[in-house]
Amino acid sequence: MTALITLKNLKKVFTTEDVETHALSDINLTIEQGEYVSISGPSGCGKSTLLSILGLLDSTSSGSYELNGKQVTGLSNKQRAAIRNQDIGFVFQSFNLISDLTVLENVALPLRYRKTLSRQERETMAMNALKKVDMGHRTSHYPGQLSGGQQQRVAVARAIAGDPAIILADEPTGNLDSKNAELVMTLLDKLHHEGATICMVTHDPRGAQRAERIIEVFDGRIISDTRAAQNSVVA
Amino acid sequence: MIEDIHYTLRRLLKAPRFTALTLFVMTTGLALCIYMFSFIQSTIQAPLPFSGGERMVRITINSNGTIYDGPSVRLHEYLELKQRLTTVDAVDAFAIRGANLSTGDRALRYRAHLVTPELFSLSGGRAALGRLLSDADMLPGQDNVVVLGYALWQELFAGDANVVGKTLTVNGTAHTIIGVSEQGYRFPSDATLYLPFSLSTRGIARKDSPYVAMYARLKPGTQRAELAQEVAQYFNQLRQAHPQLNSNVLGHVWTFQDELVGSGGTQIVATMYISVFMILLLACVNVGNLLLSRALENTKETAIRSALGAPRATLIKQMLIESTLISVLSGTFAILLAGWGVEVSVDYFATAMPIEMPYWWHANFTQNSLLVAFAIVIATALLTGLLPAWRATSTDINTVLRDGTRGAQGQKNARLSKLIVALEVALSCALIMVSAAMVNGIDTINRADYGMRTTNYITARIQLPDLGYESEDSRRQYFSTLSTLILQQSEIDQVTMASSMAHTWGAYNNFAIEGQDYGRMAQYPAANLNVITNNFFEMLDVTLLAGRRFNNQDNKDAPKVVIVTQSFASQFFPAGSALGKRIRYVEQGDDWFTIVGVVNDVILGQPTGNNLIRTTTFVPFEQMPRSYMHLAIQGKGKQASIRQALERAALKADPSVPPYRVMSIEPAVAERVAGMNFVSKVFTLFALASMVIAFSGIYAVMANAIAQKQQEVGVRRALGASDSEILVHFIWQGSKQLGVGLMFGLPAGFALVNLMTQAGLAQSHPLITLGVPLLIATVILAAIMVPVSAALRLEPAAALRDE
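Sequence order for the protein chains is R and F.
For the first sequence, my numbering begins at 1 and goes up steadily by one.
For the second sequence, my numbering begins at 236 and goes up steadily by one.
Treat each hint with caution, since some may be false.
Per the computed footprint, the stretches of chain R lying under chain F, defined by three or more beta-carbons under 8 angstroms from a beta-carbon of chain F, are [as the list claims (entries may be wrong)]:
1) 54-65
2) 120-131
So the derived list for chain F, only partly shown, Cβ under 7 angstroms to chain R, looks like this [what the hints assert, rightly or not]:
3) Gly376
4) Asp958
5) Leu962
6) Ala1032
Think of the hints as simulated: they come from the structure by calculation, not from any bench.
The beta carbon of each residue, even a glycine, is placed where N, CA and C say it ideally should be.
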C-alpha cells in the first residue's frame, strides 16, 4: 500500500486574547490509499481540527503534512484550493448544500472549479455520482425540498463527483435519524469497497466500528490507533 | 399596550446605532416628501383664497407654439369672447399699466391694475377704508379715481386714516383716492393699486387693440376642457377672419396657479411629486428591510411567544409598535424640518425672484399639509412594519429547520434581499438620472451664451406714460434728451437702449418676406422684433457678420432698415445673401424694411426652449420709437453712484418718468433663471438624499446577504474554489441584481428626464446615461468586495463554523 497522507509532529495552536489553546500536539499519522479510517473522541478533543487540517481547510502551526507525496504546508490559498478541488471530497455534518442551487448544480459545483471540464462533462460526472447514491431522480430539486438523509446523500455525491483521492467526512450522520444514518453509513461502506479512501470524524462508536482503522483523539493527541484486523496501539 | 411600548423603547435604546440609522433614513425620506408636498400646496398649487376660487381660470393665447401668460388677448377678442362663452358664469379682464406716481418733487414707479368692479366681487375683495370701484367709476369722465392697495397706503401715506378723498397724480393726471383694499388682498396676484378699466375699442383698429388679461369663472360642474373647446372654436374662426393677425394663434385655458408657474409647471410639479415618492419608497424599503432583519433575528423569540399561546395578531401588533414608534418620531422630526424648509424656500422666492409672490402664497403649513403629513407617517409605519411582521410571524419552525441548509440564507430571504437591491438600484438610478439631468440642464442655462455682453453694466427700464407721449416724435425727443443727459454725468461712459435685452424677453412678431405669397389663410413666419439705438451692437459686443450697423442716416425719414441675426438669414434666405431683401411686420403697418446687416445670434429672455431657436430682427429706434425701453449704462465707480447719476438725468428729462428696476446686469440675468436654480437645488437635494439612502441601503443589504453567506463561502472554498472565483461568483450575482434594477431604473429615469426636458429644465448627457449606472455598479462592487474580502481572510474551516 502507498501512503496517501503523512503527518509528522503536527501542531495546531489557537491564540485568542493572549490565551494559547493547543488544539493538536505532536500528531504523527499515516493514512494509506484505500483505507477507511475513523477518528473519534469526545467533544473539543481536536478531531474536527485534525480533519480541517487534513482537508487543507485550516493551516498547521508547525510540523509537516504530505499529501500524495507532496508537502502541502506553506502553500498559497490558490494552491490549497486547487488541491482541495482535485484530491479531496468533503462530507459535512450539516450537509452544507447551497440552497439556491439545484441538486445537480450542487453536485457539479466542485467540477465547475476545474477549468478543463465542459458543461456536458460536468453534468455527466455529477449525474453518475448522483446515481451512485440513488439520487438520480431528484436532480432539479432544491436542497430545501429534500429530507435530511437525501441532502446528505447529495452531499456524498458531491464529494465523490470529482473522483478525489480521499473523502473526508465530518460527523456525516450527526444530523440524521438512525434510519437515514444507517443509509449514509452503508453508502460510505460501499464507496470504500469500491476503492475509495475515507477518513471520517465521528463520536458515534457504532459508526466508528464500521471503519477498518479507528483512531482515538484526546486532548489534542492521538491516544490509540486500532486496526480492525490487528489490535495495535500507537501513541 | 403600554408594556409593549415600553419594551419596544427599551429594544430601540439597546441598539442605538440601529435606531439612529432607521430614524435618519426615515426622517430624510419623510421630510423631503412632506416638505415638497407642503411647499407645492403652500405656493404653486395653493388655492385661490375666496369662494369659487377653484373654478377661476385664465384665458391666454398660444402663439407659434409658445403659451403666453399675462395680458395676451386683444381687447376686441375679449369683448367678442365675453359674448360667446356659455360654459362660464362670469368673464372679466384686467390690464396692467406702468404707473408713475408723483409725490412732491419726484415720481415713483409702480404697476397699476386696470380693473372692473366685477374683479372685486368675483375675488371677495373688500375695502379696509372707503370703497372699492363701482360701475359709476367706469363711465368716461368719472374714471380719475384710484383704489390703493393696503401696502401702498402704508408706504406712501403711512396708513393715514384720512387718505380717502385726497389726490394722487398717476401718470401726470390727478386721481381721487376712493378707498384702500383690505390687508393681504392683492387679486389677481400682486396688485399695488387699482384704476378703473377704461379701455375701449372705440376708434381702435383690431391690430392696435390693447392686450388684456382675461379670466373667467366656470359654471359649477363645468370642466375646463369644455371652456377650452369653446375658446378653440373662437380662435379657429378668428384665424379665418383675420389671418394677418391670428395666423399662428390658438387660445389657451389654464388655472391661475399654472399660469403663474408657466407652461412647464405641470411637468415640474409631476416630476417633483414622483421624485419624492420614490425617495420615500427608498426610505421605506430600507427601514422595512432593517426591521425585517431584526424580526428574523428574533424568529426564535417569536416562536417561543407563539408556543406560549400568543395569537398572530398580537405578535404583529407588537412588531408594528416598533415601526410606528420609528415613523412617529421620524415624522415629528420631518414635519419640523419640512416646516423650516418651506419657510426658507418661500423666503428665497420672495427675495430672489424677479416677480412678486402672489398674495395667496404663504409659508405656513396648511391644515391640508398636516393631514397629508399625518397620512404619510401612518402609511409609512404600516408599510415598513406590516410586511416584516407578517413575514416574521409566518415562519414555520419546521420549515426553518428544513430550509436551514447551512452556508446560505433561507431561500425566501435570499430572494427578498435580491428584490430589495434591484428595487433600490431601479429607484436610485431613476432619481439620480433625473437630478443629474436637471443640474446639467440648469448649468447649461446658467452658462448660456446670449450673443451679447451680460457683464459690467447697469440696466434700467423706462415706460413713458400715454399722456404727453402719444406722438412718435415726443418719444424720440424724450429718449434722445435722456441719452444726452445721462452721458453728461461724469460717472457714465456709455449708454444704449433696446426694447428687449438678454435679461428681459423677446417680442415675437409675424412678418412677411417681399415676393412671397402667403395666401388667404396666411401662415406667417415670426421673429423677435428688437428696437435698438444705434450703438447697441458696439456697446454690447454683438458681432457684425455682413453688411453694416445702423447709423444716424437711418432716421425717421430714411428708408426703413433692419438688421437680422445669422440664423434668421440662413433660415429665411438659405440660397443667397439676405442683404438687400425686404420684410414687413404684418402687425406693425405696411412699411417694408430692407435688410442692411447680419449679426450673430442672440438670446432674448430665459435661455430655454423656444428662446434658443428664435431668430431676431433689429430695427433702429428712430424708425420705430417705442414708449417702453431698457437702458444699458456703463460707467466708472460704484453701482450706487451710477444709479444716482441716472436718476439725476431722468429727473431732468421728465420728473414724472422714473427709471425703475435699476440693477446690475449680472443679477438681472440671474433673476430670470432664479426659479430654475431653485428647482435645480431641490433636485440636487433629491439626488443627494437618494444617493445616501439608496447606497447605504444597497450596501447594508448586500453586506448582510454576503455575511449570511459566510458559510457558503467556506463550502465553496472547501470544494476547491479559489479566492478570485468566489469574488467573481458574488460579483456575477450582484451584476444580475444590478441588471434587473437598471432594466427598470433606466427607462424610468429616461421618462422622468424626458418630462423635465419638455419643461425646458433638464438636459441629458451621455455621461449621465453611462455615469449613473457606473456609479451604482461601483457601490454594488464595494458592497460585495468589502464583506467578501473579510470572509476570504478567514480560514475556510472558520467560515464553515460560522453560525
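We went through each hint and held it up to the structure:
1. 54-65: Check passed, 4 qualifying residues.
2. 120-131: Violated, because only 0 residues of the segment 120-131 of chain R bring their Cβ atoms closer than 8 angstroms to Cβ atoms of chain F.
3. Gly376: Interface hint status for F/Gly376: violated (91 angstroms vs cutoff 7 angstroms).
4. Asp958: Since chain R brings a Cβ to about 6 angstroms from F/Asp958, closer than 7 angstroms, the hint holds.
5. Leu962: At 12 angstroms from the nearest chain R Cβ, F/Leu962 fails the 7 angstroms test, so the hint is violated.
6. Ala1032: 4 angstroms, holds
Comparing the model with each numbered hint stated earlier shows that hints 2, 3 and 5 do not hold.
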